[in-house]
Amino acid sequence: MSAIVFEGPTHAGGVAPAEPFHAKKRWTRFILPTYAGLVMLYLVTPILIMILYGFNNSGPKRVSFRWLGWSLYGYIHLFAKPDLTQALKNSLLVGVVSTIIATILGTLIALALVRYRYRGRSATDFVLFLNISAPEIVLGASLLSLFISFGVPRGIATIIIAHVMFNIAYVAVTVRARLAGFDRSLEEAAGDLGASPMQTFVKVTLPIIWPGILAGGLLAFALSIDDFIITNFNAGTTQTFPLWVYGAVKVGIPPQVFVMGTLIFMGGVVIAAINVVAARRKK
Amino acid sequence: MGQRMATGVQLVGKPKARLGKRLAPYLLTLPGGLWLLLFFLIPILFMASVSLQTGSLEQGFQLTWHVGRYWEVLRQYHVQFVRSLIYGSVATGITLLVAYPVAYWIAFHGGKHKTTFLFLLLLPFFVSFVIRTLAWQFILADDGLVLGTLKRWHLLPHSFHVLATSAAVISGIAYNFLPFMALPLYVAIERIDRRVVEAAHDLYAGRSQVFTRVIFPLSVPGVFAGILLTFVPAVGDYVNASILGGTKTTMIGNIVQLEFLQNFHYPVAAALSFLLMAVLLIGIFLYAKVLGTRSIQEYV
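Quick mapping for you: the protein sequence lines, in order, are chains A and B.
One point on numbering: in my numbering, the residue at position 103 of the first sequence is 103, and numbering is uninterrupted.
One point on numbering: in my numbering, the residue at position 9 of the second sequence is 9, and numbering is uninterrupted.
Extracted from the complex, chain B is given alone in its bound form (with noise of 0.2 Å):
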């Protein structure tokens, strides 16, 4: 209302405010929107270009419209990309098995001490990623400070080893991307109206009733939420890979680095990165189609 009314009187001013209002949104727009533009949209077309190149890092590259090239790389890493998303599919299974059951408590449980609750749940971002991975590297290293422990104890035989195993890979995504899960599955959780769950109390659901029907039907577009910002982060991520994996649980995400700042094959990472994208884009336009845009930022 407030809003009509105010663009009422603008209307009834004088046309050189009614210009500047009019170009105001442009204005205030145009700065960020010509960095994204520049730096984030337009590039994206770039490595586009870059994929369909040949030549070498001494001889220059040159634009040739290669696109078998999308095949050879495929031929190539299709086991890295594979597990990729098998990695990260996992590793977002896992968090929101794991998370779900802590939003779930927090919201509904959490009494005075909710924002405590969530702080702890945040309290890893404070910490830099590649510390927080090479914590866990320490801490599941083979003579470490668990397994050498149990070791000594004779409790694990010596040749035991968790580090470059797709376990220590996939655990060390779930315990990294774990908050991206367990915070829009509480703005979900916490948005329940109370009424509704007492509502289906009284209509003598039982326990598991209530949760199956009423909560986590509730609860979805936070599940969706989670998914979608644990499972792109975790399959492009390479940094769990290199410093808890070995050579068997190598990630596309490895290769494309590998292959861009070490071996400068800029077209077949430029290829690689531009699959990635795609194949998760299908993934985000989907959500985006489902739930809207405005979803995933008021989780963010």
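Just chain A, same shape as in the assembly (with noise of 0.2 Å):
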């Protein structure tokens, strides 16, 4: 209807913005995108600083902010310190067991929110809400004074059972928001046809939910090998890449921090962008 009334004069004069009302605004037009683009600017500058500092060439010495020329020396000698090594694998590590699991508990929790009305739903969404809204000191300070209570040691299994934790809940909310438009009919259409429910679930829900269960489980793994508060609680003397980075603050941080932080940027850059393109196709 005001389509109509907006394919008026206004439109005819040159420049056809998506809003004609706007066409009056002259100059002003270009403030916001401009802004736009400043603020987008600035969100993506560390991320050019850190990538530059890969290039440093500090050779072996740990050097903060000095600028000392171009190299390569971070990326051939990537894997020169031990200690930082040890600690990239125990993040891949934690990332990945506790990806599988939370992925495994977080969907089921899904499928149960999505098709079942039952005592306890409401609760079962308010712990997910709380899980997700609680800072993270706290759970991290809080699932330390479980471990210390029971005199537990703290380390890569404790590691774990904290990003299992803080990962149930987003994994259980990105399955959901994919499985609400589920059209329950396929399901009855293969029970109708002699599947049995376990052959219903593996040929039809599987595939169909499939999408979801991997937006969540790579949501999962980012939250973990990014994860600093609740980790530092709960790890012990066990260092993750994080860790390791922190406390190399105060000490300097050599070249290698920043190709491996680039490394992990590109990769995820890459997978994000892979999902984002078969999305589109499957549309």
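Just so you know, not all the hints are guaranteed correct.
What the hints assert, rightly or not - Simulated restraints on C-beta separations:
(1) A:Ser196 - B:Thr54: 56 to 62 Å
(2) A:Gly59 - B:Ser159: 29 to 35 Å
(3) A:Ala195 - B:Val196: 43 to 49 Å
(4) A:Trp70 - B:His66: 55 to 61 Å
(5) B:His154 - A:Pro33: 34 to 40 Å
(6) A:Gly155 - B:Leu41: 19 to 25 Å
(7) A:Arg280 - B:Thr212: 44 to 50 Å
(8) B:Ile42 - A:Ile100: 19 to 25 Å
(9) A:Gly155 - B:Ala48: 24 to 30 Å
(10) B:Ser159 - A:Leu72: 36 to 42 Å
It is worth saying that the hints were derived from the structure and are not from the lab.
Bear in mind that the values here come from a model prediction, so they are computed numbers and not experimental data.
Heads up, the beta-carbon is just placed ideally off N, CA and C, and yes, glycines get one too.
From these two lone chains plus the hints, build me the complex, please.
Structure below.
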């Protein structure tokens, strides 16, 4: 209706803007796009710094922000610092294990929440909400209180327990969002055609909800590999990549840190891009 | 409709299948629910218990119901407590002001490249939180990229510094949590029915009136979600304060971390984080009461 109203003379004059009622304004039209561009530049700046400092020619020394010229040293000797390499390995191990566990547990909760109305549903929902909105420091400190009370030694196992704990809710929420438009009649059709519930789940349900599970899993992995605060409380003397970097701030950061950061960044961007492209192709 | 018909069919089915169906949601929730119960909810009780214990690492801690501890920690650390709340509020305010126009622009004028712009907003999440903060240390350092250059050109006095000030910590927090604010804002603004906006124009509302009386009120749920998602982690954060700050910018998170992991004053640390949780929970519960728990999850 209103589209017809706007097909009026305002539109005829040259630059056809998306919303014709802005046509009168001239230079002010550029304020918002310029501002948005500047904010995006601001968001990207630290990333550029990280990539840049991966090429800092510091040799085997630990330097912080002094620029010593271009070099591929950090890339060639990427694994020259054994404790840093070990920290990265720990991060990857924790990431993979906690992601698998959290993705399974979170997906099951999502299935229950979307498909059934049951007693305890809103309680489950509230616990998920609370888990997501609680400050990390409280999650970390309270879990540490539990471990201290039982004298549990902190290490890789307690880190994994912690990471599963904060990832279940994120996975459940992500998968649930993707499950919302799920057509139940497909499952009923499979059942009518003689498939057992198990067959129906594996051959019909799982392929349909798989993209959602994948998205939840990727989010969980990203959150796990990046987590600092909760890990810091429950790691004991075990190091993960973010913990190592934090510990190195006072002593100086070797270029390898930035190279690893850059590689993780690139990997994440590539996976996300593939995800977006795949989702578009499906449409 | 479809769901109702489906249950209708189930009711006619065998009673055994009905029992299975009734148990199904519980069986599905059980493993994850148990994990959350054991490692998220119950630990909060243990934190409360630890906060009321007395003793030392060498002699062990005993639950003595020492409620006075809460007064002691507040007397000792109220400065850092209040500072955290102030830093968190200011940083949240900054992110709201910075992110709103961007979210508005992407939602209304993003055109074909909306996804690309959103991706750019999310890009910092692909870099480790600690490294992002570290990069700001490099940028803001006394003889770093920006200040070093300006001082070399004698545009700034040599003693000028940004690091270790409140401004550095607040801007670090604002930077790190900006996407948490921008995304819910975008989702809320994107959802606004364009026909309502057009109707306002048709009814001779000026540009600013359209914004203040139509667009902004309709985006309020996103504003609240953004404030919650930014304010809560901002108040509890200590990475920014410890990398970008100094001794005069210590936040409550730094104290909790110090008392827990270095001084081993477990009761003090537990009491502080319990207090922090209590303060933030008030906000969280208010949010859940007003807008419901589902609304926050839509924005995650």
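Worksheet item: Cβ-Cβ distance between A:Trp70 and B:His66: within 55 to 61 Å?
Response: Because 59 Å falls inside the window, the suggested range holds.
Take the C-beta atom of A:Gly59 and the C-beta atom of B:Ser159, compute their distance, and say whether it sits inside 29 to 35 Å.
Once the Cβ atoms are compared, 32 Å apart, the range 29 to 35 Å for B:Ser159 and A:Gly59 holds.
Review point. Range hint 56 to 62 Å: satisfied by the CB atoms of A:Ser196 and B:Thr54?
Key: Cβ of A:Ser196 to Cβ of B:Thr54: about 60 Å, so the range 56 to 62 Å holds.
Next item on the list: Starting from the hint 34 to 40 Å, judge whether the C-beta atoms of B:His154 and A:Pro33 obey it.
Entry: holds (35 Å)
**Item:** A:Gly155 paired with B:Leu41, Cβ distance criterion 19 to 25 Å
**Value:** The hint (19 to 25 Å, Cβ to Cβ) holds, given that A:Gly155 and B:Leu41 are roughly 23 Å apart.
Given a hint of 44 to 50 Å, does the C-beta separation of A:Arg280 and B:Thr212 actually sit inside it? Distance hint for A:Arg280, B:Thr212 is violated at roughly 37 Å.
**Message:** Just to be sure I understand the hint, the distance between the Cβ atoms of A:Gly155 and B:Ala48 should be within 24 to 30 Å; is that true here?
**Reply:** holds (25 Å)
Q) So the hint says 36 to 42 Å: do the beta-carbon atoms of B:Ser159 and A:Leu72 match that? A) holds (38 Å)
(request) Return holds or violated for the Cβ distance of B:Ile42 and A:Ile100 against the range 19 to 25 Å. (result) Between B:Ile42 and A:Ile100, where Cβ atoms are some 24 Å apart, the hint holds.
Verify the CB-CB distance for A:Ala195 and B:Val196 against the hinted window 43 to 49 Å. Between A:Ala195 and B:Val196, where Cβ atoms are some 46 Å apart, the hint holds.
The structure is inconsistent with hint 7 alone, although it conforms to all the rest.
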